[in-house]
Amino acid sequence: MSAGEKDGSVDRINGIKSTLRVVPDFPKPGILFLDITTLLLDPKAFKDTIDLFVERYKQRDISVVAGIEARGFMFGPAIALAIGAKFVPLRKPKKLPGEVISEKYVLEYGTDCLEMHLGAVEPGERALVVDDLVATGGTLCAAMNLLERAGAVVVECACVIEVPELKGRERLRLHGKPLYVLIESRFEPTSC
Amino acid sequence: MSAGENGDSAGRINGIKSALRVIPNFPKPGIMFQDITTLLLDPKAFKDTIDLFVERYKHEIISVIAGIEARGFIFGPPIALAIGAKFVPLRKPKKLPGEVISEKYILEYGSDCLEMHVGAVESGDRALIVDDLIATGGTLCAAMNLLERAGAEVVECACVIEVPELKGRERLRSHGKPLYVLVESQFLKGTLMATESQEEEEKMLMGKSISRVEVKNRLRQSFASFIDLN
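Keeping their order, the protein sequence lines are chains A and B.
Under this note's numbering, think of the first position of the first sequence as 1, with each following residue one higher.
Under this note's numbering, think of the first position of the second sequence as 193, with each following residue one higher.
With the rest of the complex left out, here is chain B (with noise of 0.2 Å):
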């Protein structure tokens, strides 16, 4: 489910979307970043996010909030506060201090972890996983996995800004959480119109007969990659 479908949250939602802004060839050439921090910037936006998000967790019982290092840990909390949930940080490896759970997940190239203390989450909690966008769901998956495997319920997850062309709403329906944004990016339209050529030299690199749309595929899968970028 995406938000603005009430017609009361319209108004709230293009005044979010406003405050967003794109920065292109970030990380890498042919990306583009989908940046929240103007949106910080604009303090009645910024309000109105945590508005929709507490508007909608607030009756549902939710114990903990974890949000996803680092942006999650800038919408996790004002919606915890809010509701009069826990939050827990959930980090890269190496940063919470004493006993943590690990939980490693695949990046195109190699793997990444994300850690929680043991403790934090107790069997019978429930909880939402809050981060500022999803891409592929990788981070997210990685994320309620760690919960799960503490006994805590997941509700469901959470983000301001969805890339619909990378899949990750369906990536978490695979494993059978709902998805709540308020914002849907249309970040790969224009980058892949910018990239044919690209297209073309990965044909010619690769020197073997490929369809076209398994050289999308690379690239999309490529792109995906530096997007997990917390």
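Next up, chain A with everything else stripped away, as it sits in the complex (with noise of 0.2 Å):
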């Protein structure tokens, strides 16, 4: 599902939207990077894009909101503060201190690793997992694993990009679990 849907939502989609800027070449040759500093130089479309999550998920009993590092971050504890719900962070290897759970997962070329605290979730608690963009979905997956191994239930998974031609929602489909975004990125085909 993708917001927009509804009324008083689309006109904050749209100045979401017009405030995220595409950097080319970035960070190779023939990428189109969808970069959402932009978005957070504007305070009323940052404030929107929280708030659009928010009244989503406020009434769905989450007490774990999982952001990705490291631009999960900028968006996952605001929704957490607004949701009474705990943050956790996902991290790349040897940045949380104390004893963590790893779950290593394969890029295109090569492989990488997320982290998470031991007991930073317990079984039966009902996560969300907040990034700022999906493209294949494979982060959002080691992401999940590690929520559900640690026994939480993954019940969505929301993103403010979402690239439709990598597939990361039929990804997430596969795992059983949805994905919510705000704003669909289609790239324009590059010559390269």
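Worth flagging that the hints you see were computed from the coordinates, not collected in a lab.
Warning: the hint list may mix true and false statements.
To be verified - One side of the interface only, derived from the structure: several residues of chain A facing chain B at Cβ under 10 Å:
hint	residue
1	K17
2	R21
3	V64
4	G67
5	A85
6	C113
7	H117
8	V121
9	L174
10	P178
To be verified - With a cut-off of at most 27 Å between alpha-carbon atoms, the simulated DSS-like pairs for lysine-lysine come out as follows:
hint	chain 1	residue 1	chain 2	residue 2
11	A	K28	B	K286
12	A	K92	B	K286
13	A	K92	B	K369
14	B	K369	B	K284
15	B	K287	A	K28
16	B	K236	B	K220
17	B	K236	A	K17
18	A	K47	B	K250
19	A	K104	B	K220
20	A	K17	A	K95
Yeah, the Cβ is synthetic: ideal placement off N, Cα and C, and Gly gets one too.
Put the two chains together into one complex, using the hints given.
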């Protein structure tokens, strides 16, 4: 599901979309990078972003918001604070002090790894996973695995932007989990 | 200035302090790492943390909150949202897409670098810098330099925790800027006792006559370089 289907959301979504920018050839030639930092420079658009997520989740008994390092940290805590949930940072290896659980995941070239503190999440907790953008869904799946290994139920994954061509939604569906985004971004085909 | 001087805040500060935890020997032996993640697991304490900062800054006409990667990204945005300011992430090299300005800063061994987007901040912006913890103040000074180079005025630096022994407050004062923290941590007291034998070892390894004070200072500096861990 995407936002914008109800009245009142549409204007806010359009405002949010208009603040995003695309940076070509970052981090590598041929990539069109979707940059949310310009959204953060617009207090109204940033507030609307958080409000849209909060309106969706505040009555869903969510006890944990897990945010993926680092841009998930910019959105997750504000949502957690507004709905009275815990915030749990999911981090790259060796950043979290103390005991952690790790989940390895496969990238196009090589692997990466996400970590969560032991004891941050308890069995039976209802969790939301937050990141700025979903591409292939690999990182979100690793995040869901961490939460489920700790006994939580992942209610949904929430992102500001989805890149549909990269099929993250389908990957999450295979994992049995829904995805909620505010904006879909469709790349124009590049000639490289 | 530290919070807690106002009787109304004292209860909230105590709640925040009790939510923090110390992890010994992270990232290296002898370091007592101040972990804020347990604070984030306590919705009331986390909300109180943000509220205390918001109460302090909401009437100060702050147009920019700059947060230092990565734990500054957890505290900065909620403050920015509450006071209607922009949020600007200050990041390690090569993370920000597009044009950036960079500020290099010295660690005990080597250097590090902080970046900010060109155009994020304008001349005349009044800025607050936010991070979870201040140790030596090196990262905060790099952050202040970035904002000032872009023409902003840094009003204050705000952190949840200060480690006073590492003299960050003094370093900021020599930059002419005030520091506001909620909680002071006494981390070095316990550590220095444990490292008395380390001091003896250091003296022997150095093989020359060197004062005890100098050994302590070197140990303190090497701890500090581990603490600037974002």
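Hints, one by one, checked against the model:
no.: 1; hint: K17; verdict: 18 Å, violated
no.: 2; hint: R21; verdict: 8 Å, holds
no.: 3; hint: V64; verdict: 9 Å, holds
no.: 4; hint: G67; verdict: 8 Å, holds
no.: 5; hint: A85; verdict: 7 Å, holds
no.: 6; hint: C113; verdict: 16 Å, violated
no.: 7; hint: H117; verdict: 6 Å, holds
no.: 8; hint: V121; verdict: 9 Å, holds
no.: 9; hint: L174; verdict: 30 Å, violated
no.: 10; hint: P178; verdict: 25 Å, violated
no.: 11; hint: K28/A <-> K286/B; verdict: 11 Å, holds
no.: 12; hint: K92/A <-> K286/B; verdict: 16 Å, holds
no.: 13; hint: K92/A <-> K369/B; verdict: 33 Å, violated
no.: 14; hint: K369/B <-> K284/B; verdict: 23 Å, holds
no.: 15; hint: K287/B <-> K28/A; verdict: 12 Å, holds
no.: 16; hint: K236/B <-> K220/B; verdict: 32 Å, violated
no.: 17; hint: K236/B <-> K17/A; verdict: 33 Å, violated
no.: 18; hint: K47/A <-> K250/B; verdict: 16 Å, holds
no.: 19; hint: K104/A <-> K220/B; verdict: 24 Å, holds
no.: 20; hint: K17/A <-> K95/A; verdict: 32 Å, violated
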